[in-house]
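Could you fit the two chains together into a complex? Lean on the hints.
Chains D and B, in that order, give the protein sequences.
For the record, in the first sequence the residue sitting at position 69 is 69 according to the working numbering, with numbers rising by one throughout.
To convert, count from 1 in the second sequence and add 384; that's the working numbering.
No wet-lab data here; the hints were simulated from the structure.
Certain hints may be false.
As the list claims (entries may be wrong) - Stretches of chain B that chain D covers, calculated by requiring three or more beta carbons in the stretch to come under 8 Å of a beta carbon on chain D:
id, stretch
1, 609-615
2, 652-658
3, 678-688
All C-beta atoms in this analysis are idealised placements derived from N, C-alpha and C, irrespective of residue type, glycine included.
Spelled out, the chains give:
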Amino acid sequence: MKKLVMLLAAAALAMPVKIMAEEKAMETTPKEFVVYSDKGNRSNHYIPSGWMGDYGDIKMNDQAAESPKTGTTSIQFTYSAKRTQNQGWAGIYWQNPANNWGNKKGGFDLTGMNKLTFWARGAKGGEVLQKVIVGGIKGTYPDTANVEMGPVELTDTWKQYTVNLSGKDLSYINGGFGWATTADLNPDGAVFYIDDIKYEADPALKPETKKQEAMPFYIYSDRSSAKNHFIPSGWMGDYGDIKYDGSSKEDPYLGDTCVRIIYNGQKAQGSGWAGIFWQNPANNWGTIDAGFDLSKGTKLTFWARGAKGGERIEEFKVGGIMGEFSDSDSAVIGPVVLEKEWKQYTIDLKGKDMSYIIGGFCWSANVDNNPEGATFYLDEIKYE
Amino acid sequence: MSIIIPKALLSIWMKLSTNKKLEVGSQKAEDGKRSVSSFSVFCFLSSVLCLLFAIAGCSPKAKVYIQKVKGKDYRLIVEGRPYIVKGVCYNPIPIGKNHEYDWWGDPRKPWLADGKLMQEMGVNTVRLYQAHEDLEKTRTVIRDLYEKFGIRTIIGDWLGFWEYPCPLYGDAGFRARVKKQVLDLVAGLKDEPGVLLWILGNENNYSCMGSVNPWSSEEIDQEPDPQKQKALRARTYYGFVNDIAREIHKLDRDHPVALGNGELAGLEYANQAAPDVDLVACIIYRGKTFGNLFRSLRMTFDKPLLLSEFGADAYDAYLKKEDQNMQAFFLESQWRQVYENLAGQKQGAGNCLGGTLFEWTDEWWKHNQDSPDGWAAQDTGAGWSSGSYYFDIQAPGNKNMNEEWFGIVALSQDPEGGLDIRTPRKAYYVIREFWKNPSEKAKVKNKKAKPQGKI
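Isolated chain B (complex conformation) (with noise of 0.2 Å):
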């Protein structure tokens, strides 16, 4: 349903909403009367608007909304224009701390630095995981960003999914305490100008088929069929994420709301059982091209799609070697993909919105999480395997994936024990060159893969 409003009545309630000397509670004596007199003008007509607005059944736009482009193409508007994200997952654990650290309570800010050399980058977003328990904190760390850099904020949360012994989705008092967790975040943080959308969950999708945190109930445990378990759980899990969605979105009508999902893994069922999440955030690892990705999300759940953690390392476990330009040429392949899928363009699929690669700075404590030796040096043993990064896939055990090097950034240690030295690698510049002008042809070539040795 649309309404008209006349061109005439705007323009008085726009002037009128304009007009400083009008302002509520103005005291100056000589405007009194007028102010007085202006004022009742201005509240019938607002009243009025409003009262169309009600009747149309619109209301103002949301900050922050997906926006459909020629009926089928998806895109981001931000404030009223067309916003690409162009982000980083954040996650600033300096040298010899681990992932338990309280950086967000650092006296030496390290998003300030950071901030600064991502607005020189050209990044406008970051992704963080899960919030602080401390909203204060949080909230910091978005507005510092947001008010010195221009940089929004992705908010996640884990939905439980570490919890020990195991996060219990068919169980209604996990789902409640979960629920209200993230509640309280929203709507302790929708108003901060900063803040872009939410994000529910990560690969919380790969426990319902039993690879990562296993969980059951009792109503998956009488049925017998392993497939049909694994229906149960994938059903369970995205109703119980469209639950919280539709929640938000009484709390908060400013901001969309993401299902996080490791690949399209289960999707077939959140296509059912997920009809309130705005959009689809994917882990997605598929080397120099996400292949069928987007046309593929459109078949099993057409929804916008979010690249929400992707990258490449910078470590050859082949040659045993820093390698800035595989990391360079696998990043820039990448985004070259998420532009093809924008809104609006020829080859693409056109429901891509942009992504967060992972990630900003390396975190030297991820290889050997339980070893605090370890934290403080940059390990160079590779955690698991994937052949789509094929230039070193022939390291012993084909594990080449660096946990300890996906950053974009790298650190090093201050002599003086201030914040580590960050200090951009070649990926930062290639990106930076290709967000700048994304129709050029590619900057770094490709190499060929090592030899295979005999046949």
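Pulled out of the complex, with its shape left as it was, chain D reads as follows (with noise of 0.2 Å):
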């Protein structure tokens, strides 16, 4: 009998011990990891130093008190869009330590998180940041993760955004969130504010799976159209021979700006061609896994017209770029001669593999075609 109290008595014990062991395994295992929340916040992590581009048309106030989403601050940025350094897009990434371009460690292992989620609100609405992004920081020590979402369009009231992180590798992340933007999509600059950044654990998230783009899919609507995707980075040949101006008002086929392109045909590299891959994201020549599944589209047309009729276009292309993640086709034509009058064109995409397009839109010319040069002017390119 005695020995059955005792048995009683241990286990009565024990189970307590079992319980507290367990609360502490699940305090072990934080469900979020907070990026900001408020100024000063111990919990705060990664600093906001990475300025990019035209840096000289940010400005941060990192304690603003005007309506937080929760607690007593939330960051307010203000984007000129003056282009002072002349890149005609801006942006910021939280990095750890600050200044950290991968040069030195620092990043966490963010191993169990996977999502982020922010809060965001514009001072008008209708502000649109390019893309929020996590990750992908190169250099010595780069991130084992780089994932981008947008654009994203901001209304006056605080929203919460997610980026989807399921099945991502996150086990050392230096670029703990980043924000970028462009002139052309905010031409009137951007009044906004993000709160609460931070990653989370989500048991029921599942990885997100590559969807089919709805058509019309637009490369260029009009310059501060969200609509627009990839970017007009992919500068060839003869890079220095080009102006490029995504906000043309010169008698725009629809809306209000089209886009301008002067070639001089000066040779500047001396390769006699020159060309410009619209690109997702910008200055993938086929490095970064950032197709878009455009299967849904059986053609990509679009609006041409050369400032004097004549002009001779070698090469309008979707796809082709090649590279570790390679387009899943090509298709092209040329070469056109334009007309002074808008003229709409059409490269045919029935039969093409469409499932992973990273190079959306191209055009090459050359000066032996072009000895004086060419303008011209492009609008409303779409997949349909």
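Encoded structure:
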């Protein structure tokens, strides 16, 4: 009997110990990892130190007290779109430690987290962030993931946004959060607020499956359209011969702007030809896994005209970027001799595999056929 | 139309035709009477069979032909058996010489050393871009490779692509001369048992776009629209190829005729203008994958596909050192895709016949072609750029393709002045193992691309 009492007593003592151990285990598996909650909060991680592009266009107030989402402060950004550094875009990376572009160790192991959430609002509504970024810093100590989401059109009230990180390797993340936007998307600048940026563990979240993009899928509609995709970043050949204006108001075909391209044929790099690829993301020559699934598209259409008429474009093309992550196919028309009036051109995509496209659109021209150079205009470039 | 030959008749004919005692001209007296009567029967039955074949409009199968499988897939049949082309492009220019060197007349007969190495690897085909003008020299090489090593030969012809000032495909005189040249070649070699097929042209289609060796004609010059000019050139060129293909078929029923083509460019015109070619032989450099190539061909010009030139170089232009692993990685991946698209494969397009990789040995003359001093040294300069070969794309100017390093067999000079020493690279062994067991998983693992620097 004495033995039984002792066993019961031992069991009674052991039970709370077991429960306490389980609670301890729960505590050691964090459910969130905060990037910013309030100014000076001890749970904050990363520093918004990586100012990029037209950094002179950005002002930051990390203790804006005006209507924060929670707590006492949010971060206010004022983007002037003045192109101070002549880049046409700007953005900020949150890094650890400050200004770490991958040249030193500092990334956090965020294994176990599977999404990043943040709240944002515009001062007026309609402000557009081209993209928000998680990871993607390279260098000697590169991030293990590179995830982008966007464009994001803000409203004038707080709204939560989520970046799905399921299935991503988050074992080393130095670029904890970032945003970027362009002057074309915000021609009059933008004032916007961000609050409560954090990584979370959400057991119900599944990895994002690749979706087929709905048609029409615009490459260029108007300069500030959030519908635009791909960036005209892939300048080729005599890139010094090219001037690109994505917000030309010279007789656009539709809307208030069109693309104007001036190719002066001076052979700045000695190639005798030049061209531009619209890429996703910017400067992706097949090194970043970021192709759009445009399988629903059966053609790409665009409108074009020459300043004088008679300008000869050797090729208009979709796809064809080859790299570790190659475009799944390519299609081309040309040579095309432009007329002075707007004319629609079509690249037929029937039978093409458009399931993975990084190079959304491209043109190329040469000096042999344009000895005086060529000025031409493009508008309403879209997959249908 | 089909005919049914009575089994008994067939068996008698077979027996008679294989009975050595009944050979024509048998002089053995004791068998004389029987021989004569049996011979009469044999002749009679043979005549009947020939007549039946003629009536039926069908003739004995060609030695090499393309068979349609399940109504859509294509496979090559050689001597009655399916044949996957496991080949290499062959141009054994020795160290210190350039493309003008007459290797066919080299007394050391490099093809004998190479044939042995090829046989050990499992190569069953070599591709020669152009026959020697002395057909007897060509015959010797074909015969040696076939008789000693069982290796068949694909014979190509440039179709005057490199003639000065340009290949005048719109000119009747030019066409007639080139056509005669090709038909003489076919007539001279068609009965060689080692011949596999003919390839007409290589990347000649690029001349139709004006990008290489541009040419024109009066009709084309009168057309103001450059897109229509391109179309006119393409129709003219592919029509010319078709004309030659048709004539070859009249001359040689035993071997298919391929249209050589750079990528798939222009084949939408070939679809209309070149129905008589039997297959397309494409030159493709797309890195680790051929992408949508096989299905895309089905959409534009539904013919069987031979990958007549593809591969990877073995020099890392970024790190400035030989990288056999890189070459082996790309080549294994490419061969895997070739096999996935053979006839009868569930996932593939079913239109691939195999390939001839570029190339067997390095060629040391290619980078500085005008400098004889450079022919004796293996130049590490890269001649062109391809992002598909992404490991070394960060080389200066993005030039990462090293023309002198495409061989799966490296060359080095023999100190005693003999044939250059052949040293197989890693790709040689990797492909050899792949061919032995194509269903096995990849053995050369991908490696991380080099860091791209700051964003």
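Now for the hints, and whether the structure bears them out:
1. Under the rule that three or more residues need a Cβ within less than 8 Å of chain D, the assignment of the stretch 609-615 of chain B holds, with 4 such residues.
2. Closer than 8 Å: that is the beta-carbon criterion, and the stretch 652-658 of chain B has 0 residues meeting it against chain D, so the requirement of 3 is violated.
3. Check on the stretch 678-688 of chain B: 4 of its residues sit with their Cβ under 8 Å from a Cβ of chain D, so the three-residue criterion for coverage holds.
Violated hints amount to a single one, hint 2; each of the other numbered hints is respected by the structure.
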